[in-house]
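Assemble the dimeric complex from its two separately framed chains, guided by the hints.
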Amino acid sequence: MRAVIAEDSVLLRVGLVKVLEMGGFEVATEVGDGEALLAAVAEHRPELALVDVRMPPGFTDEGVRAAVEIRRRWPGTAVVLLSQYVEERYAAELLSTNAGGVGYLLKQRVADVAEFVAAVRRVAEGGTALDPQVVSQLLLRRDLDPLERLTPRERDVLGVMAEGRSNAGIAQALTVGESAVAKHINNIFAKLDLPTADADHRRVLAVLRFLAASGT
Amino acid sequence: MKIPPGLRRPVLRARRDTGFLAAGVLPHLGLVPVWSWGATTSVQGGNRPLGLAASAAVILLGVPVLTAVQRARHRVLLGVFLPRPAPAPERRWPGAAVARWLRAPRTWRQLGYHLLLGPVLAVSELLVLMALPVGLAGATCSAWAWGLPVEVRQEWFDYTTQLPGYTLGGLLLLCALPWVAGAAARGESRAAMALLGPSPAQQLRERVDELDQSRTDLIEAVDAERRRIERDLHDGTQQRLVSLAVNLGLAMATQPDLSPGAREALAAAHLEAKQAIEELNDLVRGLHPAVLEDRGLDAALSGLAARTPLPVRLRVDLAERAAPAVESVAYFVVSEALTNVTKHARATRAEVTVRRVGKVLRVNITDDGLGGADARAGTGLGGLAKRVGSLDGTLQVSSPVGGPTTVTAELPCER
Numbered sequence: 299m300r301a302v303i304a305e306d307s308v309l310l311r312v313g314l315v316k317v318l319e320m321g322g323f324e325v326a327t328e329v330g331d332g333e334a335l336l337a338a339v340a341e342h343r344p345e346l347a348l349v350d351v352r353m354p355p356g357f358t359d360e361g362v363r364a365a366v367e368i369r370r371r372w373p374g375t376a377v378v379l380l381s382q383y384v385e386e387r388y389a390a391e392l393l394s395t396n397a398g399g400v401g402y403l404l405k406q407r408v409a410d411v412a413e414f415v416a417a418v419r420r421v422a423e424g425g426t427a428l429d430p431q432v433v434s435q436l437l438l439r440r441d442l443d444p445l446e447r448l449t450p451r452e453r454d455v456l457g458v459m460a461e462g463r464s465n466a467g468i469a470q471a472l473t474v475g476e477s478a479v480a481k482h483i484n485n486i487f488a489k490l491d492l493p494t495a496d497a498d499h500r501r502v503l504a505v506l507r508f509l510a511a512s513g514t
Numbered sequence: 004m005k006i007p008p009g010l011r012r013p014v015l016r017a018r019r020d021t022g023f024l025a026a027g028v029l030p031h032l033g034l035v036p037v038w039s040w041g042a043t044t045s046v047q048g049g050n051r052p053l054g055l056a057a058s059a060a061v062i063l064l065g066v067p068v069l070t071a072v073q074r075a076r077h078r079v080l081l082g083v084f085l086p087r088p089a090p091a092p093e094r095r096w097p098g099a100a101v102a103r104w105l106r107a108p109r110t111w112r113q114l115g116y117h118l119l120l121g122p123v124l125a126v127s128e129l130l131v132l133m134a135l136p137v138g139l140a141g142a143t144c145s146a147w148a149w150g151l152p153v154e155v156r157q158e159w160f161d162y163t164t165q166l167p168g169y170t171l172g173g174l175l176l177l178c179a180l181p182w183v184a185g186a187a188a189r190g191e192s193r194a195a196m197a198l199l200g201p202s203p204a205q206q207l208r209e210r211v212d213e214l215d216q217s218r219t220d221l222i223e224a225v226d227a228e229r230r231r232i233e234r235d236l237h238d239g240t241q242q243r244l245v246s247l248a249v250n251l252g253l254a255m256a257t258q259p260d261l262s263p264g265a266r267e268a269l270a271a272a273h274l275e276a277k278q279a280i281e282e283l284n285d286l287v288r289g290l291h292p293a294v295l296e297d298r299g300l301d302a303a304l305s306g307l308a309a310r311t312p313l314p315v316r317l318r319v320d321l322a323e324r325a326a327p328a329v330e331s332v333a334y335f336v337v338s339e340a341l342t343n344v345t346k347h348a349r350a351t352r353a354e355v356t357v358r359r360v361g362k363v364l365r366v367n368i369t370d371d372g373l374g375g376a377d378a379r380a381g382t383g384l385g386g387l388a389k390r391v392g393s394l395d396g397t398l399q400v401s402s403p404v405g406g407p408t409t410v411t412a413e414l415p416c417e418r
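Taken in order, these protein sequences are the chains called A and B. Position 182 (the first sequence) corresponds to 480 in this note's numbering; numbering is contiguous. Position 21 (the second sequence) corresponds to 24 in this note's numbering; numbering is contiguous.
Treat the hints as calculated values from the structure; they're not laboratory data. Please note that the accuracy of each hint is not assured.
[Said to hold, decoys possible] What the simulated footprint calls covered on chain A by chain B, stretch by stretch (three residues with Cβ under 8 Å from a Cβ of chain B suffice, anywhere in the stretch; the number is not a length):
(1) 379 to 390
(2) 424 to 436
[To be verified] The calculated EDC-like cross-link candidates involving lysine to aspartate or glutamate, where the alpha carbons are at most 16 Å apart (straight line), are:
(3) A:Lys316 with A:Glu328
(4) B:Lys277 with A:Glu413
(5) B:Lys277 with A:Asp410
(6) B:Lys362 with B:Glu413
(7) B:Lys362 with B:Glu417
(8) B:Lys389 with B:Glu339
All residues carry an ideal CB built from backbone N, CA and C; glycine is no exception.
Isolated chain B, as found in the complex (with noise of 0.2 Å):
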């Protein structure tokens, strides 16, 4: 049949829901015969104890296969996904898995829905489906009431003149069906998706964990590609070019007799590749400090206060080593405090202090210039901050107009 595009997406959209409410009919039943136990042996005595271990025993099997049943149901049928629980850590004995679901608030919401809601939803259901049939004979009754035998046409429709008023009815009743399927199945997947999966506070913390974990993942993969470009330029450009110097070094001193103009050149070639060596230097050494890894803070920061140009005094003190993302950050936080104290404050001495204060790292930068540093302001700082509370770190800033400048991050080494 061919449906006119207007009506394509209605009507398309009302057999999905139909279809999802049929669907659901059964399944909602599957706990009943609960009730008729419970009902049977309430009102004609019976074998009391056998009944309610059979329930028992329908109900420990039923919830978590109507439940899958149901969450089938949604994915198929309508597209929704109900949140799935996080997977329980592994028990050896299976017992302990049956009395961690039995304690589960998740598994009382759910036997709620099967066993108190399902029935009231099978009867909604079946009362949406029962309206396709009743508005099609409606809607049609004026032209087959014609062809019954005149007896039962009287004994159904009492006057002809009723029958533009049922073919009307029938109408109507076949264009709210879209509409009425279409609530229900919205107020049945919001039913569902609020007893059946886990509950707003407990995914919102399946969430808070997820974020939390896939946040350490990303500091870790941004670390090791760090480490992966330090390696590559150290074993790849950075001997290239050192070998170039060297080469332009030994053509100079075993060449005595060349032109002036060749020597100058060389000269010139010589000091270019040196200078070059320089500047990957620094670059490299910037993005993470072989010396970090193998020897700790200490050890990499010596290196690094060595190289400003302006007398640096430095403090550590660590009794043990902390975590690799945790040195890597300290690390640059000093890295970049150190430029930006070489590069704007105009000081003529700074003090890099690391120590260990209870679970945290606290470091500790501070110069005598003129002050006025903004983190705001496109300095290095506002990625600083950045750095430091991807650790859940706190980064200060305290730089009064005439200074002095401290800069003091402090990160959890314990989590």
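With the rest of the complex left out, here is chain A (with noise of 0.2 Å):
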């Protein structure tokens, strides 16, 4: 698969490209903004783009802008954000255009390389990669009310689904059986009045569009 990256530190860089290249990504080429990442998925039209939040000119959200933009032209390029800080608010931004094949993690979660590239590559076939930091966000973001009724041990497992983990994964992460977290799953969706489904970023969207609906 290819990919192209969008990063302004040189420095970092360097460290994204060997990443992507030990998941078995082709990096096609690196830029240093948004202007010259829109151009350079328009020349490569690649599977993936990797992009930083902050960027030049602005040095604030030009990553942002610059995700939406490329999943509104071209649907086939997924996008995983990458920052220091995640924002619920761009991530609703990033959300809003699909939550299928988009990604937004904080940068340190590179370092733990098999993860990361693991989360890249659901993105890239379509899935979604949320740091558990933005769900703890979203989750905020609606009144506690329904949330309320969810045990803890619920709750931690929505988080951890909204991240657009299975339920094997799930399981790992919270270090439980695949059979509790299936019954965690059925008590959440019960609890939230969500009819349940079976494929994964089915469940992801499902999570999200309640987190969207009540949010704010």
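Here it is, written out as structure tokens:
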């Protein structure tokens, strides 16, 4: 799979190239700002764009705006945003395009190479990868009342589920059995009046729709 | 001439004061022509309208010129700065500036100084200045009187026995001169201060405006500085640390046949690098979050609330964004308050509301903890009150023992 990287720190760019190549990606080009990223995507039509949020010239949200633009113009290119801090507002803007094929992770997650590569692959294949910190911000955004009906364990499960993990992934992350996870998920859907669905990313969409509908 | 050290200061001061007084005589007589015109016109008839017009012209030109002369005289000869009035706003039409000048109470006080007080001061200056030649002549008369022809001497002094008396009087006059001249100079500069400068109320108003402006500038400078530090750390150290962690992660992933010791050291370094990133992130985030700038308070606070280790209910109800300085302080208030809740309150939940109430941004943080927080007891609350006060805002802390604690900050959004 081909990827382009947009990151203004040259130092980190080198590391990102190595990590993506280790994960089996072919890095077509690396750029340092949003404009150049759009041009690179137009030229190379990669399966994945790995994008830093803060880039020249404004050093605020250039990456988010470029990501939204990419998802709008080239739906075949998945986007993973990287940032020093994750912001629920950026996540909401990114997810408003289409929850499939987008990811939003803290930069420090790249250091856990294997997990990061798995998340990026999931996104490139049309899935979702949200940083746990984004998920907790999104959860906070809604009124607590329906969530108060969830047990702490069920909220943990919901959080990990929103990151885009499968039942097996959730079980591994929370070190519980898979059957227990399935039970928790059924409880969550029941308490939140959500229809159950089996495909991973449809579950995420359901969670996100729920978060978006009742948020703010 | 060599002056004995003990006399140096009084002599130098007397020289400065008499110089100052001497320089005042002519400018203080500057508007006397107006008097003489007035007198001649009223006594001899003459051309009344012409005389009035000439007087008005002399006054119009004379007051600003003489005021400038007095200002220079005080500054150069006495080292006293007469406060200048605040610069008037630019007017396109010069007539408007003249009309404004004529309406100002300051103009009439200056006119009073030059027209009425000036001649009086000139006379007193001449009297003080005459003390020097008179004193000198008197003090030395016992010496030079003997050189006079007998008839003249008898005509001037009647009896030579009176000569020591004149000498004594002259010496006393010379000794008194420094104090008399000093008192006259002080009195003059006080009068000039009162009549030529702005009134005390005006001075206070100007001072308040000045302080207000400099405080605003200072707040903006501090804010800009925080932003700069945040940017520098983000572009420099934070990227370097992430790169370090990534390289360590790559090393662990790509070197499967390391000795157990090396693997352990690598894992420890990897973990510590990640912890360093977290710690630096927390610190830098507290300085000035970038999202505050481009998405506003609401977006910035959700990140803050999510990082708090207890459940926080957040309600932000703002139709429009507040000024950057207000947003920055509001963010700081919530940040500090939530830190306090986490550290001290032993609370299970907290609630943050931000609302615009009229012209005020009201930030409210409540927790269900133990209470008993004291703004003076070295918690972050003291610094919080100062930061809020810098925007003319108020901070209220209600924290009865047993809880709950409520922190309310009100920040004016319009000035």
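Hints versus structure:
Given a C-beta distance limit of less than 8 Å, the hint that chain B covers the segment 379 to 390 of chain A holds, as 7 residues qualify and 3 suffice. Three residues within the 8 Å Cβ limit are the bar, and the segment 424 to 436 of chain A against chain B gives 3, so the coverage statement holds. Taken as a hint, the Lys316 of chain A and Glu328 of chain A pair is honoured in the structure, with Cα atoms around 12 Å apart against an allowance of 16 Å. The straight-line distance between the Cα atoms of Lys277 of chain B and Glu413 of chain A is roughly 15 Å, inside the 16 Å bound, and the hint therefore holds.
Simply put, Lys277 of chain B and Asp410 of chain A have alpha-carbon atoms about 9 Å apart, close enough for the 16 Å limit, and the pair holds. With a CA separation close to 10 Å, the supplied pair Lys362 of chain B and Glu413 of chain B stays within the 16 Å bound. At roughly 6 Å between alpha-carbon atoms, Lys362 of chain B and Glu417 of chain B fall within 16 Å of each other, so this suggested pair holds. Taken as a hint, the Lys389 of chain B and Glu339 of chain B pair is honoured in the structure, with Cα atoms around 13 Å apart against an allowance of 16 Å.
Comparing the model with each earlier hint shows no violations; every hint is respected.
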